[in-house]
Amino acid sequence: MGIKSIGSHLQVKGVRKQFGNVEVLKRLDLEIKPGEFVSIVGRSGCGKSTLLRLLAGLDVPTEGEVLLDEERVRGIHPDTRILFQDARLLPWKSVIANVQIGARNGDKARAEEALRLVGLEHKAKEWPSVLSGGQRQRIALARALAGSPRLLLLDEPLSALDALTRIEMQELIERIWQEQQFSAILVTHDVSEAVALADRIVLIKNGAIAIDIPVHLPRPRERNSDFAYYEKLILDHLMERGAPASVLAVSP
Amino acid sequence: MRQWNKNFVITGMGLIVPIFIVILWQISSINGWIAANIMPSPLKIVSTIVDLFREGELLEHVGITLYRVSMGFLLGTALALLFGVLNGYFRTIRYLLDPLIQALRNIPSLAWVPLFILWMGISETSKISLIALGVFFPVYLNLVSGIQGVDRRLLEVGWVHGYQGWRLIRHFFLPAALPSFIVGLRSGLGLGWMFVVAAEIMGASKGLGFLLTDGQTTGRPAIIIASILLFALLGKLTDYLLELAGRRILRWQDSYESFGRRKAL
Numbered sequence: 001m002g003i004k005s006i007g008s009h010l011q012v013k014g015v016r017k018q019f020g021n022v023e024v025l026k027r028l029d030l031e032i033k034p035g036e037f038v039s040i041v042g043r044s045g046c047g048k049s050t051l052l053r054l055l056a057g058l059d060v061p062t063e064g065e066v067l068l069d070e071e072r073v074r075g076i077h078p079d080t081r082i083l084f085q086d087a088r089l090l091p092w093k094s095v096i097a098n099v100q101i102g103a104r105n106g107d108k109a110r111a112e113e114a115l116r117l118v119g120l121e122h123k124a125k126e127w128p129s130v131l132s133g134g135q136r137q138r139i140a141l142a143r144a145l146a147g148s149p150r151l152l153l154l155d156e157p158l159s160a161l162d163a164l165t166r167i168e169m170q171e172l173i174e175r176i177w178q179e180q181q182f183s184a185i186l187v188t189h190d191v192s193e194a195v196a197l198a199d200r201i202v203l204i205k206n207g208a209i210a211i212d213i214p215v216h217l218p219r220p221r222e223r224n225s226d227f228a229y230y231e232k233l234i235l236d237h238l239m240e241r242g243a244p245a246s247v248l249a250v251s252p
Numbered sequence: 001m002r003q004w005n006k007n008f009v010i011t012g013m014g015l016i017v018p019i020f021i022v023i024l025w026q027i028s029s030i031n032g033w034i035a036a037n038i039m040p041s042p043l044k045i046v047s048t049i050v051d052l053f054r055e056g057e058l059l060e061h062v063g064i065t066l067y068r069v070s071m072g073f074l075l076g077t078a079l080a081l082l083f084g085v086l087n088g089y090f091r092t093i094r095y096l097l098d099p100l101i102q103a104l105r106n107i108p109s110l111a112w113v114p115l116f117i118l119w120m121g122i123s124e125t126s127k128i129s130l131i132a133l134g135v136f137f138p139v140y141l142n143l144v145s146g147i148q149g150v151d152r153r154l155l156e157v158g159w160v161h162g163y164q165g166w167r168l169i170r171h172f173f174l175p176a177a178l179p180s181f182i183v184g185l186r187s188g189l190g191l192g193w194m195f196v197v198a199a200e201i202m203g204a205s206k207g208l209g210f211l212l213t214d215g216q217t218t219g220r221p222a223i224i225i226a227s228i229l230l231f232a233l234l235g236k237l238t239d240y241l242l243e244l245a246g247r248r249i250l251r252w253q254d255s256y257e258s259f260g261r262r263k264a265l
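These protein sequences, in sequence, are chains W and Y.
With the UniProt record's numbering as the guide, the letters of the first sequence map in order to residues 1 to 252.
With the UniProt record's numbering as the guide, the letters of the second sequence map in order to residues 1 to 265.
It cannot be assumed that every hint is accurate.
[Stated by the list, open to error] Cross-link-like lysine-lysine pairs, in silico, DSS-like; alpha carbons within 30 Å at most:
no. : chain 1 : residue 1 : chain 2 : residue 2
1   : Y       : K6        : W       : K125
2   : W       : K26       : W       : K13
3   : Y       : K6        : W       : K123
4   : Y       : K6        : W       : K93
5   : W       : K232      : W       : K26
Calculated from the structure, these hints are not laboratory results.
One chain only, chain Y, in its complex shape (with noise of 0.2 Å):
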C-alpha cells in the first residue's frame, strides 16, 4: 500500500506542469489572448477527439498507427537482436558488418520514405519495413555496446564453468547487456513513433498521421493539435509499459533508482 502511494505521488509530480499550462492555455483562449484559428482552445480540442470518438473515426486511425508502430516495432527489434548478438559476439562479423551499418544509421528518416514507395509502393508493408528500419538502430547500437561492455571478470566466471558458445551469450553476455538493451528498446520505440508520423504522411488514407495531413489540408487546427496530442499520448503510454516491463526485468539490479523508489521520497 506504501508502495502505491509512493508511486501515485512520483507519477502526481509529474503532472503538476502540464496540467498547470492547459489551464493556461484555456483561460488565454476565454480570454482571446490566442486567436481560435491559430490555437484553439484545450475544451475545442477535447471535443474534437469526443467526437472523432463517436464517429468511431478515432479509434480506427488509433488502432491503424499502433498495428504499424507495434509491427515496425517487432520487426526492428528482432533484426537488432539478431545483428547485435552476432556483431556484439563475434568480433570478425562486426568488422564486417559495423562500419557498414554505423554509415546507414546516418541517413535521415525522410530520405528512406521515396525508396521505400518506390520499392514497395503505398502499401503496409513500406510503411512497417520503414518503422522497423527506424527501431533498428538505436536498438542495434545499445544491444552491441552493452555486450562489449560486459565486465570481464564475470566473463572470467563462465569461462571457469566452461560456459562456451550460446551457453555463453544466453546466461552471461545478453543479461548482461539487458539494461542498455531495454534502454536501446525505449529509444527504438520513440524514433519508431517518429517514422510512422513520416510513413504516414506521406501516404495513407488511415493512421494519425493522416488525420494530421487531413486537418492540414482542410484547415481544422483542432484537428492537427488533437492528432499531435494523441500521438504525446501514445508516445508516453506505450513507453511507460516499456519501462515499467524493463524495471520488472531489472529488478536484481542494485541501483540508484531501484534505491529510490523502495526508499521514502
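This is chain W alone, in the form it adopts within the complex (with noise of 0.2 Å):
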C-alpha cells in the first residue's frame, strides 16, 4: 500500500489521570518503540481505556505527558488512528464514503486501496447496516488504514465479535501491521489475543503497570504449549493467582 510509513516512537512519561476524586492512572510510564505491537491487558475499570485515550490525544492527563516521536501530544495526531470497540460506520454514508473520512483530503483511490486490504472492495457501495459485525469492523479498520497511520490504537475492537471472525481478524491485522510496519498498541481484556498479536504485554493493574512482559513467539503464532505458558502466566497475574516470580526471568 502507497508509502511505507515507519511506525511512531511513543512515550509515556510520569502520566496521572484523575476524574474528580478518582485516581485512574498513577504515575505512568510506558515506551513503545516504532513498528512495536504492544498489548495493554487489564480488568474492566483498571484504567486501560483511559491510557489510549490519552494516546490519542482525546483526553488530557491530569499530570505527566505524553510524547509522539518526541512531541507533546496536543489534541488527536493526524498519524494517529483508533479502531473502535464498535465500529463506527456513519450510517448516512456508504462503505467507502465511510472509508474516504479516513483518507487524507477524502482521497478515493486511498480508500479503495484501503478496502481491497481488508477484502470488502466489493462492499463499497453498500450502506453499513446491510453488512455483518465482521464486515463493519473490517471496514473501520480500512478507514483507519486509509490515513497511513503511524500508530494505531485499537481499543478492544474484537470484543464484539463471535470467535472465529475474531481469529480471522487478528490474522487480518497481524498480517497489515507487519506489511505497514506502523506501531500498534492494543488494548483487551482478552489474554489470548494478546498473546496472539503482542510482541509486549504489559497489564495494568488498579491504574499502575503490574508487569511487562516480551512475548518471544514466532509469527504467525500457532496456539501450541508456548502460547499456553504465555496465557496462563497473564491470566495467573490477571487472576492475582500469585505466580512465582521465577517464571517471570525463564522464557520458553
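Got two chains here, each in a separate frame; can you build the complex from them with the hints?
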C-alpha cells in the first residue's frame, strides 16, 4: 500500500489521570518503539481505556506527558488512528464514503486501496446497515488504514465479534501490521488475543503497570504449548493467583 | 413490481375508512337525515368543485394558496436551518437566543395577524411572513434537538480524523440530525397550512381561505366544505410528497418502518 510509513515512537512519562476525586492512572511510564506491537491488558475499570484515550489525544493527562516522536501530544495527531470497540460507521454514508473519512483529503483511490486490503472492495457501494458485525469492523479497520497511520490504537476492537471472526480479524490485523510497519497498541481483556498479536504485553492493575513481558513467539503464532504458557502466565497475574516470580525470568 | 403492489395495498388500506364515511354520508343526505342547508351531500360538493373548476376560479384560488404556502415554507425552513445550526452547534449562541425563541414560540398564531397586517399591510409579504413564522418553530426545534442528540461516539470518529467546524457540521451533525429535521419539516408544513388559512381569512381577495369566508358570507355551505376538503387534500398531498422525499433521503436508515416496507405485509 502506497508509501510505507515507519511507526511512531511513543513515550509516556509520569502520566497521572484523575476524574474528580478518583485517580484512574497513577504515575505511569511506558515506551513503545517504532513498529512495535504492544498489548495493554487489564480487568475492566483498571484504567486501560483511559490510557488509550490519553495516547490518542482524546483526553489530557492530569499530570505528566505523552510524547509522540519526542513531541508532546496535544489533541489528535494526524498520524494516529483509532479502531474502536464498535465499528462506528456513519450510517448515512456508503461503505466507500466511510473509508474516505479516514483518507487524507478524502482521497478515493486511497480508500479503495484500504478496502482491498481488508478484502471488502466488493462492498464499496453498500450501506453499513446491511453488513455483518465482522464486516463492519473490517470497514472500520480500512478507514483507519486509509490514513496511513504511524500509530494504530486498538480499543478492544474484536470483543463484540464471534470467536471465528475474531481469529480471522486477528490474522488480518497481524498481516497488515507486518506489511505497513506502524506502531500498534491493543487494549484488551482477552489474554489469548494479546498473546496472539503482541510483541510485548503490559498488564495494568489499579492504574499502574503490574508487569511488562516480551512475548518471544514466532509469527504467525500457533496456539501450541508455548502460546498456552504465556496465556497462563498473564492470566495468573490478572486473576492474582500469585505466579512465582521466578517464572517471569524464564522464557520458553 | 411486488414492491409497487405492496405500496398500493398500504395506500388502499388508508382509503377504506374515508370511502365508507362518504358513502354513509351520501345515503344520509339522500334520505334527508341531514339537512342540505347545514351539510350538503358529497355529490353536491363535488359538483360545486367541478363548477368552480369550469369557471377557472378554482385553479386561481388553489394556485395562489399553494404559492403562499410554498414561499412561506421555503423562507421559514431557510431561517430555521440557519438558526438551528447556529444554536445547535454553538453553545453560546444557544444560551443567548434559544430562550427568546422558545418564548416567541408560545404566542398563538392568530395573535400575530394584526401585528403583521399593521407592519406590512394586507399584502403577499405579510401573508408569506406569517406562514414562514409558523413553519420556522417546529423545523427549528426539531433541528436543534436533532443536532444535540447526535451520538458522541460518531462525533469522536470525526474528531479523530481531523473534522472540525463546517466540515464536522456538514458530514456529521447535519446528516445525523436529518431524521428529526424531516419530522420538523412535516410538522412545519402542517403549521404552514394552518397559518395560510389565518392569513387568508384576515384579508385576501383570492385563495382557499378567501373562498372559505366567501362561502360563509354568501351562505353557501357547499363552498365552505369544498374549501375545507381542498385544504385537507392539498395538505395531505404536500405532506405525502415530503414523506416520499424524506424516505428517499433517509434510505440508509435501518429502522422498523423501512424494514416493514421491504418485508411482506
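A quick look at each hint next to the structure:
Between K6/Y and K125/W the alpha-carbon distance is near 26 Å, which keeps this suggested pair within the 30 Å criterion. Taken as a hint, the K26/W and K13/W pair is honoured in the structure, with Cα atoms around 11 Å apart against an allowance of 30 Å. Between K6/Y and K123/W the CA atoms are separated by roughly 28 Å; this keeps the pair inside 30 Å, and the hint holds. Of the pairs offered as hints, the one joining K6/Y and K93/W holds, with about 28 Å between alpha carbons and a cut-off of 30 Å not exceeded.
For the suggested pair K232/W and K26/W, the alpha carbons sit about 26 Å apart, so the restraint of at most 30 Å is met.
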